Amino acid sequence: MAQTVIVSGATGFIGRMLCRVLTARGYAVVALSRNPATASVAWEDGVTVVGWDARSTAGWSQYAEGARGIINLTGENIAEGRWTQAQKEKILQSRLDAGKAIVAAVEQAHHKPRVVIQASGIGYYGNRGDEVVNENSLPGSGFLADVAKQWEASTKIVADQGVRHVIIRTGIVLGRDGGFLSRVMLPFRLFMGGHMGNGQQWLSWIHIKDEVEAVCFLLEQERLEGPFNLCAPHPLRARDFFRAVGSAMGRPSWLSVPSFVLRIMFGQMAEELILAGQRVQPKRLLEAGFRFNFPDTEMALRDIVG
1 MAQTVIVSGA TGFIGRMLCR VLTARGYAVV ALSRNPATAS VAWEDGVTVV
51 GWDARSTAGW SQYAEGARGI INLTGENIAE GRWTQAQKEK ILQSRLDAGK
101 AIVAAVEQAH HKPRVVIQAS GIGYYGNRGD EVVNENSLPG SGFLADVAKQ
151 WEASTKIVAD QGVRHVIIRT GIVLGRDGGF LSRVMLPFRL FMGGHMGNGQ
201 QWLSWIHIKD EVEAVCFLLE QERLEGPFNL CAPHPLRARD FFRAVGSAMG
251 RPSWLSVPSF VLRIMFGQMA EELILAGQRV QPKRLLEAGF RFNFPDTEMA
301 LRDIVG
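Residue numbering for the sequence shown follows the working numbering, beginning at 1 and increasing consecutively.
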């Protein structure tokens, strides 16, 4: 009988591919969605779509009974719209509500899930300039760092019930069908591509195929727990990244958007999400034996854009 894996945030950019890969590996995938009718068309057979309100266990907690794992990806998109106070509260509360629901489902299960994999982001480290950071580095400061810390803590209590707890601090995910790169490619197609700010900020990125494979690796490696940075081992500066995008697309990278313009347009979001950088190493993932299919930007972009 196939083992059950529950994925919340299943209709997001990462969640969609993750559900497909888990199904291909033989798992019985339960995808939690606030719009189950719409979500059902995203996958073929093998994925059970269950409606939920992203804050309770109603309608899905029974699937946690004896499950191989729960992967919690739920959270309001941090890049959707200006960070008004209301939007910042929505970003944080959506994550805390989902985390409480995951914990409640684990508590209700007589046979506990074997692992809870909790999403987070490299925003945990804050703006670190040229400093190289890994999982042993202290958290940074700012809104994104505060959100990441609380997001990670939202499900940590499951460890007290004997459930393995894994945190995935994900970098910028690159893929063809959504995320950061899909937004970047349009201006390059129009010959208006380039970097933002002075281009010196570090970008720590990961190919979506490696992201999903790393999540599956952490699901299946029973000895692993705690935080893991999900980003390729070779970060690079924004200026070099956008040049690489232009080269892969056969387009110049010449247009830069000044920092002051971005601050006027996006406020605090520009300061923390666009102009800030993290030079992150996946130290624990490499030490655990994970092998990246796309360790450098040229390989990743050739696969996505080519």
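It is worth saying that the hints were derived from the structure and are not from the lab. Please read these numbers as outputs of a predicted model, since none were measured by experiment. For glycine and all other residues, C-beta sits at the position ideal for the given N, C-alpha and C. One or more hints might be untrue.
Claimed, not checked - Derived DEER-like restraints, expressed as beta-carbon distance ranges: (1) 40 - 256: 39 to 49 Å; (2) 183 - 108: 32 to 42 Å; (3) 24 - 254: 34 to 44 Å; (4) 291 - 176: 21 to 31 Å; (5) 153 - 132: 24 to 34 Å; (6) 58 - 190: 39 to 49 Å; (7) 65 - 252: 48 to 58 Å; (8) 192 - 226: 35 to 45 Å; (9) 220 - 183: 30 to 40 Å; (10) 65 - 178: 28 to 38 Å; (11) 150 - 288: 21 to 31 Å; (12) 286 - 96: 25 to 35 Å; (13) 180 - 226: 25 to 35 Å; (14) 256 - 1: 50 to 60 Å.
Stated by the list, open to error - Restricting the straight-line Cα-Cα distance to at most 20 Å, the calculated cross-link-like pairs of lysine to aspartate or glutamate (DMTMM-like) are: (15) 283 - 296; (16) 112 - 220; (17) 100 - 160.
Against the structure, the hints:
no. : hint                  : verdict
1   : 40 - 256: 39 to 49 Å  : holds, 43 Å
2   : 183 - 108: 32 to 42 Å : holds, 40 Å
3   : 24 - 254: 34 to 44 Å  : holds, 41 Å
4   : 291 - 176: 21 to 31 Å : holds, 22 Å
5   : 153 - 132: 24 to 34 Å : holds, 25 Å
6   : 58 - 190: 39 to 49 Å  : holds, 46 Å
7   : 65 - 252: 48 to 58 Å  : holds, 56 Å
8   : 192 - 226: 35 to 45 Å : holds, 43 Å
9   : 220 - 183: 30 to 40 Å : holds, 32 Å
10  : 65 - 178: 28 to 38 Å  : holds, 32 Å
11  : 150 - 288: 21 to 31 Å : holds, 26 Å
12  : 286 - 96: 25 to 35 Å  : holds, 31 Å
13  : 180 - 226: 25 to 35 Å : holds, 26 Å
14  : 256 - 1: 50 to 60 Å   : holds, 56 Å
15  : 283 - 296             : holds, 16 Å
16  : 112 - 220             : holds, 16 Å
17  : 100 - 160             : holds, 15 Å
Hint compliance for this structure: no hint is broken.
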